[in-house]
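Enquirer: Read off the chains here:
Number of protein chains: 2
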Amino acid sequence: MPVLRRRLAAVLGLLLSVPAAADEGMWMANQLPELAAQLRAAGFEGDPAALADLTAAPLNAVVKAGGGTGAFVSDQGLLVTNHHVAYGVIQYNSKPDRNLLEQGFAAADQPGELRGSPDFRVLVTERFDRVTDRVLAAASGKKGLAYFDAIDAAGKAIVAECEAQKGRRCSVANMDYGAEFYRIQQVELRDVRLVYAPPGAIGKYGDEIDNFMWPRHSGDFALLRAYVGTDGKPADYDAANRPYRPPGHLAVSRDGPKDGDFAMLAGYPGITYRHRLASEFAERIDWGLAANVDALDALIAVIEREGARDKDAAVKYASQLASLKNGSKRFSGELAGLLRSDAKRQRAEAEQAMLAWLRHDGRSDARCRKGERCLDGAATLEHITGVEALLRQASATRERDLLLTLMQNQTQLLRAANSLQRLALERGKPDPKRETGYQQRDENLIEAQLKQVQRRYAAGTEQALVLELLRRYRALPPAQRIPEFDAAFGTDADTAQATLARIYGATRLGDEAFRLSKLGAEPAAVRASDDAMLALAAKIQPALLRLEQERKQREGELLRLRPAYMAALKRWYRERDKPLFPDANATLRVSYGHVAGFSPRDGVDYRPVTTVAGIVEKHTGKDPFDAPAPLLAAIARGDFGTTADPALNTQTVNFLTDLDTTGGNSGSPVLNARGELVGLNFDSNWESVSASWWFDPRYKRAVHVDLRYLRWLMDKVYPAHWLLAEMGVPASR
Amino acid sequence: MPVLRRRLAAVLGLLLSVPAAADEGMWMANQLPELAAQLRAAGFEGDPAALADLTAAPLNAVVKAGGGTGAFVSDQGLLVTNHHVAYGVIQYNSKPDRNLLEQGFAAADQPGELRGSPDFRVLVTERFDRVTDRVLAAASGKKGLAYFDAIDAAGKAIVAECEAQKGRRCSVANMDYGAEFYRIQQVELRDVRLVYAPPGAIGKYGDEIDNFMWPRHSGDFALLRAYVGTDGKPADYDAANRPYRPPGHLAVSRDGPKDGDFAMLAGYPGITYRHRLASEFAERIDWGLAANVDALDALIAVIEREGARDKDAAVKYASQLASLKNGSKRFSGELAGLLRSDAKRQRAEAEQAMLAWLRHDGRSDARCRKGERCLDGAATLEHITGVEALLRQASATRERDLLLTLMQNQTQLLRAANSLQRLALERGKPDPKRETGYQQRDENLIEAQLKQVQRRYAAGTEQALVLELLRRYRALPPAQRIPEFDAAFGTDADTAQATLARIYGATRLGDEAFRLSKLGAEPAAVRASDDAMLALAAKIQPALLRLEQERKQREGELLRLRPAYMAALKRWYRERDKPLFPDANATLRVSYGHVAGFSPRDGVDYRPVTTVAGIVEKHTGKDPFDAPAPLLAAIARGDFGTTADPALNTQTVNFLTDLDTTGGNSGSPVLNARGELVGLNFDSNWESVSASWWFDPRYKRAVHVDLRYLRWLMDKVYPAHWLLAEMGVPASR
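Chains F and X supply the protein sequences, listed in that same order. Letter by letter, the first sequence follows residues 1 to 733 of the numbering used here. Letter by letter, the second sequence follows residues 1001 to 1733 of the numbering used here.
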């Protein structure tokens, strides 16, 4: 992005209206009592102290469901989540003559509920305990790789102990980049059945076109029910199983959200970078995002060029192409957003202020809370200097590392060969010592990936992709080059091309049977295989292992040093009476704020609530805007009963809040001031794609299904009155 | 458009919010005193009675300028209009090394003003007189063609008498479809100079991409000055000429528009169809718009297909292709808008109500005002029946007539041949008897058109276009066929193709010298020419003349019968205390309403005022979003002085009102409640493209330049402080 555009983006930031008072924060439940005053000021009518306990109401109703979040809405294990979260369960029950993804499904009664896909899990949190002392004790006195390995081993041991209990799933969460560790113990429910799903044309109305867009008009919800064995314990599917009695469930609100209402959301946000160092912000904005866009666009061009001359390749790479385009678009959007928010400058100024404070006022460790691991100002600054040095070290090879990552994850045959060689290596070790991702329990996944190759691989396209990456690799300064790679592919274009032509021409890895046969083969035989691609992978493996060790060494040091930075940040916030939330790490978090529209650009305001009029406006009769006839007819009848919005005098569909969310929050319940369920989170707006780094209250919004739309559909369009009664919101009349 | 979509559009109309209280109406000035109560209720603070006189303030400041409207803003003949209205004047002064279209222009002082293009005229209305009695007396007792010719001749005589005065331009305007006639006498100013124009990148910021769009950010304005001879009379350019002293000029407001403010606009709207019969609405909606889209899309496909195999043809037809696409898009937009507004049903219900009233309460002519030509109810109904019969008659050949129109105006060589043959015919008559468009004064225009052919003609493409139109023609029912056409082109595809190949292969009309030589040739020689294309035109001319006579016969009858419908409509409105404005006919009209945003679709609100933030947001550095560096720098400085909006605390650019406008209103001054100039009209929003037929207060908006933007640019960005002083709004400090 040219310098002028960057400057303009900053000018724009100054021209735009002053930020609204939206609240950044993905809070751990145990932080919420500290926020009591803010919660009450925002409009929360419940007891903030009650929010601290994950195992008490209302948070005990919130569960991990499949890849997203869900919430119990009855004492009979009924739970609500997104249509796209339950997708696999619906797909599992779809047949050509009864396609539930298309038609939707409404169980007539409880026995009519459909068995879910075997891999779908609901996880109910039972315990959430701090294990920082035990984990850090193991690493005490260590550095670098040893520190990394000690933390890794301590975590694995804690999980193993915890999972010795039957029907439990455990994990150790790293908070604040190695500052704190928590053990999470969850009940793992394995019999989860399909209860209700709207037709796909409602559940994903607008689909890819509307994805990230506002205004939205999607009924992205589904109802599932968790079952347990007759003994009340988690069990695989069995017809005799009974509905699970959850520790708690949410009350469904009879009112709906309106502009300015308090709103609160609980869920499992995946990852954010808000507390990264200013230098990391600068690198992301000045280099990372544009570099990714540039590399992805180059691969897109290769696939399109190859696809133009080979129709079969075009079909095989359609999905990868779409994914690359989506990636490039998202990176571009993230860059535009960070520039518009002037995030680099803002982060740098905040960090400079903190460092200045550390150098003077913040020097004494007397400000640390009792029992808190915190260093004095000088030691903290020393640690931060250490972190900066490690980041600079990583940056020195960032161009090469980006290319190597793409070479791994944008190829099929090369990745398969690398994977098989690594597995062969790991299989020679005792299972607990095997690298994460290559343990016994991972072999099924590896097999599945090896089977996928067939549908996504064309030799010409993959060679062209690797050639493009090698071309870029050869343009790097010598310090970033790797001897094993130079030896394997040569140091000029002709050699690279000839080498690849030879390898891709000779390898039998394109043959599924051959490929899968290597999965269970003697490790030594795989390593010594004369297959050209496997031999190549064996040749470059030492380099990949060496780079991995270097990375772990660096990550170990970062785990050791970064907590000082986080502790200083925390103290600095505390002195300003502001609590600090840990960056998201797929653990349960709570965010609160308000129902709020926004202005996407000069002259335009987005309202926070959409109505069925938008469904009719968007309807084209063609996917993804093909509203089913019963829905259109019901809209035309205008019979919205008790679910109509009293002020708008029509049926609402979706709404916006300024809640702090990120990927993983899909299906998160949205609660009103009384803690009642008013919505289901399902997406964000395009303008907030940069929010994983920087929360800009002018633009950060979350997109939700209005629970009244769910109720109306189940009342008037695709009725399931018994379920409405079970949820305590009976059908009208 | 499928039936379902039509039904959905109607459903949507019901779902959308209740119309705001916007006022439809393009009023004649002499109607405004009648509207005094409404004007005051809307917020007008001046004297409504003062608005009646076109020759008194403020309307005497409003003039016809080039193809649009302008307004005097000083007593020294300084006038403001749109950049796109003054385009020819700016272009005339542009040279490769000093491109004023790109750079803009600011005269340093009065002597530095630049001579305008010779064809640019400013027309100042001196008199506006009712001549209905004289015109209708001439037609009294006549019918059909004779009625048409009598009206035509009376108008020509009135104009000739009026224009006997030196320096005057006169016309006769037909109001209410033949009910009233007015003579308009205007001073014709021929020396109009360029005083100030912003760079094109400001004057048409957004250009075709933003055309019809909102939010807008265009500085679409320019300043001109009218000059007269040393005797104070209209004169051609002469260095000795002096600034014209206009009869009045507008005061420029020091405040700007804000949401809800009263607004008023005067200008020359071109044509509307609001008072057409319900059956005409039905035909437009049920047939006309879709038929036009279908035919235009077919021609678009032909041009694209031919362009794909002939690059030269693609270049030559680029402009015609763009125009066809624009036409198709506009017709589609008009249809969508009329369906969304449910205009057909609404117009039919209103007309049915009026007819029912006519049959009962409205029977007596006692309700007519003294001196008003109006019939009793029975006679009125009889006239309306007559109109309906004439419309049905026209409809019987509508498909064919559409194709013939396209064959005329979408071809180059065929049109040239028809034009030359018609001119040859007319040149045999005394000039006053020659057909309009083929008189002596029209010959320059015809020559110019004949010269254009070269740049826009490719034989293959034109043949393909004519073949497509003939294919559609042959599919018509026999009753619509024309013997001369069947004889000329045959009645099957092969004959048509062979005939066209022979004619286009043989004709020399593609040669400019040959073509132009026919312009002054002996009429008989042209008619007897052995050139294949001229011979074809001679062969089909009798048919074209016959159809033209039939059309004039019908139009004469409509002129005779339609006034009864208009009189009934007027009386019906009057009984409901509502005045009725005549449909627009390029005469001066006044519209009043308010500054108002709107909701283009569910969940989205458009604000009525835009700011410079939007310029920065849209800036790409590439045309049409290439904001000049001085503008960007001035925005970044944020020095908006006295022109900043006090509430928004930044510089505004454009604004929206619900004023009733149509094409021709370009450059119309927008006045505030005190009659001061606050804006310049320059466009409409896309949602109101159907407003020429139906005014929907939810969507009909007009787009204006905020005069504060003009003042800021002239104050801080491209300064011309002497002009601000002349306008009475001196630069800040």
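One or more of the hints may lead you astray.
Under the rule of at most 25 Å between Cα atoms (straight-line distance), these lysine to any residue pairs were calculated in the SDA-like manner [stated by the list, open to error]: (1) X/Lys1618 with F/Pro697; (2) X/Lys1578 with X/Thr1132; (3) F/Lys618 with X/Gly1510; (4) F/Lys325 with F/Ala378; (5) X/Lys1142 with X/Ile1384; (6) X/Lys1142 with X/Ala1389; (7) X/Lys1451 with X/Arg1422; (8) F/Lys329 with X/Lys1622; (9) X/Lys1451 with X/Ile1384; (10) F/Lys433 with F/Tyr457; (11) X/Lys1329 with F/Asp286; (12) X/Lys1622 with F/Ser332; (13) F/Lys622 with X/Arg1309; (14) F/Lys311 with X/Arg1674; (15) X/Lys1618 with F/Ser332; (16) F/Lys618 with X/Lys1329; (17) F/Lys618 with X/Ala1389; (18) X/Lys1618 with F/Arg551; (19) F/Lys618 with X/Arg1330; (20) F/Lys311 with X/Arg1309; (21) F/Lys329 with X/Arg1607; (22) X/Lys1622 with F/Arg330; (23) F/Lys716 with F/Lys325; (24) F/Lys325 with X/Gly1510; (25) F/Lys618 with X/Phe1212; (26) X/Lys1618 with F/Asp286; (27) F/Lys258 with X/Arg1305.
If we take Cβ atoms under 8 Å as the criterion, some of the chain X residues that face chain F in the derived model are [said to hold, decoys possible]: (28) Ala1041; (29) Glu1045; (30) Pro1048; (31) Met1213; (32) Trp1214; (33) Arg1415; (34) Gly1603.
It is worth saying that the hints were derived from the structure and are not from the lab. Note that CB positions come from ideal geometry on N, CA and C, so glycine has one too.
Enquirer: Are the hints correct? Go through all of them and say.
Expert: For each hint, the structure was consulted:
1. X/Lys1618 with F/Pro697: holds (22 Å)
2. X/Lys1578 with X/Thr1132: Holds: X/Lys1578 and X/Thr1132 sit about 23 Å apart, inside 25 Å.
3. F/Lys618 with X/Gly1510: Since the Cα atoms of F/Lys618 and X/Gly1510 sit roughly 48 Å apart, the hinted pair is violated (cutoff 25 Å).
4. F/Lys325 with F/Ala378: violated (47 Å)
5. X/Lys1142 with X/Ile1384: Between X/Lys1142 and X/Ile1384 the Cα gap is close to 18 Å, so the pair holds against 25 Å.
6. X/Lys1142 with X/Ala1389: Holds, at roughly 19 Å.
7. X/Lys1451 with X/Arg1422: holds (17 Å)
8. F/Lys329 with X/Lys1622: holds (20 Å)
9. X/Lys1451 with X/Ile1384: Given pair X/Lys1451, X/Ile1384 is violated - Cα atoms ~46 Å apart, limit 25 Å.
10. F/Lys433 with F/Tyr457: Judged against 25 Å, a Cα distance of about 33 Å means the pair is violated.
11. X/Lys1329 with F/Asp286: Since the Cα atoms of X/Lys1329 and F/Asp286 sit roughly 42 Å apart, the hinted pair is violated (cutoff 25 Å).
12. X/Lys1622 with F/Ser332: holds (19 Å)
13. F/Lys622 with X/Arg1309: violated (32 Å)
14. F/Lys311 with X/Arg1674: Cα-Cα ~69 Å, so violated.
15. X/Lys1618 with F/Ser332: Given that 25 Å is the threshold and the Cα spacing comes to 16 Å, the pair holds.
16. F/Lys618 with X/Lys1329: At roughly 18 Å apart (the allowed maximum being 25 Å), X/Lys1329 and F/Lys618 satisfy the hint.
17. F/Lys618 with X/Ala1389: violated (40 Å)
18. X/Lys1618 with F/Arg551: violated (42 Å)
19. F/Lys618 with X/Arg1330: With Cα atoms ~19 Å apart, F/Lys618 and X/Arg1330 stay inside 25 Å; holds.
20. F/Lys311 with X/Arg1309: holds (24 Å)
21. F/Lys329 with X/Arg1607: Given that 25 Å is the threshold and the Cα spacing comes to 29 Å, the pair is violated.
22. X/Lys1622 with F/Arg330: holds (23 Å)
23. F/Lys716 with F/Lys325: With Cα atoms ~40 Å apart, F/Lys716 and F/Lys325 exceed 25 Å; violated.
24. F/Lys325 with X/Gly1510: violated (49 Å)
25. F/Lys618 with X/Phe1212: holds (20 Å)
26. X/Lys1618 with F/Asp286: Holds. X/Lys1618 to F/Asp286 sits at ~22 Å (cutoff 25 Å).
27. F/Lys258 with X/Arg1305: violated (53 Å)
28. Ala1041: Violated, about 27 Å.
29. Glu1045: violated (28 Å)
30. Pro1048: violated (33 Å)
31. Met1213: violated (10 Å)
32. Trp1214: holds (7 Å)
33. Arg1415: Given a least distance of 38 Å, the restraint on X/Arg1415 is violated.
34. Gly1603: Holds: closest Cβ of chain F sits about 3 Å from X/Gly1603, inside 8 Å.
Violation of the numbered hints given earlier is confined to hints 3, 4, 9, 10, 11, 13, 14, 17, 18, 21, 23, 24, 27, 28, 29, 30, 31, 33; the remaining hints are satisfied by the structure.
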